[in-house]
Amino acid sequence: MARRASAARTAAITVVAWIAGFIIFFPILWMVLTSFKTELEAFSMPPKFLLFKWTMENYAAVQERSDYLAHVWNSIAIAFGSVLVSMLIAIPAAWAMAFAPTERTRGTLLWMLSTKMMPPVGVLVPIYLIYRDFGLLDTRFGLIALLCLADLPIVIWMLYTYFKEIPIGILEASRMDGLGPLREVVFVLAPIALPGIASTILLNVILAWNEAFWTLNLTTSKAAPLTAFIASYSSPEGLFWAKLSAASTLAIAPILVLGWLSQRQLVRGLTFGAVK
Amino acid sequence: MGSIRLEGVRKAFGSTTVIHDVDLDIEDGTFVVFVGPSGCGKSTLLRLIAGLEDVSGGRIIIDGRDVAKLPAAKRGLSMVFQSYALYPHMTVRNNIGFGLKMAGRPRDEVKRKVDAVSTVLNLSTYLDRKPGELSGGQRQRVAIGRAIVREPKAFLFDEPLSNLDAALRVQMRLEIARLQKSLDATTVYVTHDQVEAMTLADKIVVLNAGRVEQVGAPLELYASPANLFVAGFIGSPRMNFVSGDLAAQLGAPTIGIRPEHIVVSREGGGWHGTVAAAEHLGSDTFLYIDVPQTAGITARAVGELGLKPGDHVRLAPDPGRTHRFDAQGCALRG
Amino acid sequence: MATQHTRTLGRILVAPSVALLFLWMIVPLAMTIYFSTLRYQLLNPGTERFVGAENYIYFLSDPAFITSLSNTLRLVGSVLTITVVIGVLLALLLDQFFIGRSLVRLMVIAPFFVMPTVSALVWKNLLMHPVSGVFAWVATSLGFRPIDWFAQLPMLSVILIVSWQWLPFATLILLTALQSLDNDQKEAAEMDGTGPFAFFFYIVLSHLARPITVVVLIQTIFLLAVFAEIFVTTGGGPGLATTNLAFLIYSQALLQYDVGGASAGGIVAVVLANIVAIFLVRLIGKNLE
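Chains as they are written, first to last, in this note's numbering: chain A, 1 to 276; chain B, 1001 to 1334; chain C, 2001 to 2289.
If you are wondering where the hints come from, they were derived from the structure by calculation, not from laboratory data.
Just so you know, even glycine gets a beta-carbon here, dropped at the ideal spot from N, CA and C.
Beyond 12 Å from chain C on every Cβ pair, some chain B residues (computed):
#1 H1020
#2 G1064
#3 D1108
#4 E1159
#5 D1193
#6 M1198
#7 A1217
#8 P1218
#9 L1246
#10 T1285
#11 P1309
#12 H1312
#13 C1330
Here are the simulated EDC-like pairs of lysine to aspartate or glutamate, each with C-alpha atoms no more than 20 Å apart in a straight line:
#14 K2286(C) with E103(A)
#15 K2286(C) with E165(A)
#16 K1111(B) with D1128(B)
Generate the whole structure from the sequences, applying the supplied hints.
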């Protein structure tokens, strides 16, 4: 409460906060440490925290596996692909709802958000069967299409909120300047909304990268992204932990960085505006 | 340049009608000011002319052509927004030239016109800056430059000076007036400030609750207001209104007399009252006087009068300048 | 605030999204409803027959369903409690000034961005492993026998993993809300002589009431659908101990190939989620101007 907190209070809070942070971060930290151990030391008891033989052999082994790289490509393709396609459909829709609203706009927006609230299991059966019958199982295309639809409500929602922050006067000025709607979007709206567009892409790529329902159920090998790849190692033998840790670290590292950058977007995108 | 005519223009938002049946004639080259209290519909009317809103009924005729169905981009008008609405991601040069560039004009023509306009508006040194780096007055001039450079049929101004400080406002007022004269441009200007209206306009349109109360030259509105509303809106300080016995003595249900048309003296004929407050501005003195059977009278006296609160005074309204209004508030002539 | 032109264009532009989402919602959902009325075994195609509500009756009276429902409720309830309570505390902590605040914030937020499958495996094998996990080491160092988490306390293990994953979300939301608490309010309370506990209970908590509601509603929606963590760690077991509704439906559909039964279950899940969704949508709607 008081700005003039005593040094002792600040010190106490610092200690408590760091302990709390450390505890929460520990699993990730431990995984990263394990990735640098030899397999033998990876599950030795008592576990070694820092004084072990640091090695890069696991990372080398993981990167040498061609199927690992294939899975990385799948993750990249699926995550970016689905988000970019969503953006193509969403940008016009968000423009329309932000700048040309009708009486139905609010209801439509709420309805779109509600589609995100449907549990995927509810449609697992028909989707699985449709995908099977159309040969879409275990295809990147199939997954991109599906995740695109799953992303769409949040993408539209986030773009809508960013667009609404642009004073409509600027767009009206462009209309007075003689611009039609397409040029208005391309030459005036997009450049101004660029940070918002980037943030939306960022958060949704993260969410798509981590998606672990459809990616687990609709892929087997060819199109399996990293989520499924890691999941396939849930066997109980303790022989692969160091390598698995390395693979996992590689899988989550870029996302952790991106996630750090997109904290505020997370609040905006996933609370649907209910928290400012 | 363009003439604008409004015929039976009506605007409703849902079930609320905000503009009721407006007929207006704006001749080519005139400076017309829409003035009125907030919420009277003046900005809405401007936006209807601009094409940023649809009319619910009526016609808008620009240079003989009904544009009510045309989108704003195709009407050939320019607008200066209250918030200036400059493109934040473009330099001043690009802001001004944007419309021309989008219309496909050749590059040297655009450059030439932008340079010409910048010189007129004293913006030449700022051409490569972005709006975020400019002051309010500079931004306003960029907004005006953007409007001018396209040589539109008419200029529309939506309260352009309200975001400026007082001194700047006076200066910009003069500049706008000068500009309009030199371009001989048809201009429709919206403001809530009646001083701006009086000083800038060839013709003033006084609006109240979506209706036109009176249209006329500034001094015409000052000398012959058509009703109580116009009489009370034009002129500062506000006209004094008196009803009841004092008004009946002067021959009408309500009479109005401007503060500057009352002769104040310590003794003599006229109403008697007590000074409640006196504001000495040096050049003028404004006296707020309690007069029985009225809500108080404001009088202006030139120079200093040495009157203090509590002094007794007599007020003589100039009979030739007394306005008389009937029971509905309309002016009685003759 | 728009003209006829822009409004018409607007409708055209929104149409594809609406159409796609509509198809995405309606077609599969309609199919699920249709399938739920059939007796349909994936392994015996062509032998489908209409059985009306039989699947529902069977599903709803199946003890497995009751178990999965109670597991689901336990999972959701526990995770909500843990994340909200600890989330509030963490938010309060992070709202204070201390050295290295941004770094600690990064550490607290990180778990949300870790893939669910990775989190699950890390917890299962590196931390909770009864022989070589860190928890086992801690236990033995303190003289206790290590717990075989997934055999002895499977549900709790899953709850721990899911809570860990969602804690950052709750913390971040609550922290954002806390930071919007005007300094003015804080100073006014100080002038009024409010002590720290009273301040917390009367001002902070009431300010947080709304965000907490949002967190609870949104998390509930997503927690009802927890799948990957269970899939990777316990496969629903031992027995049915960690089977929640989502996993039950999955196992019926893709492991037992009982399309009819799984579809009925799917509809039940949708209905459950809808109940929560109604409240959430209403709350969001109130905020939308």
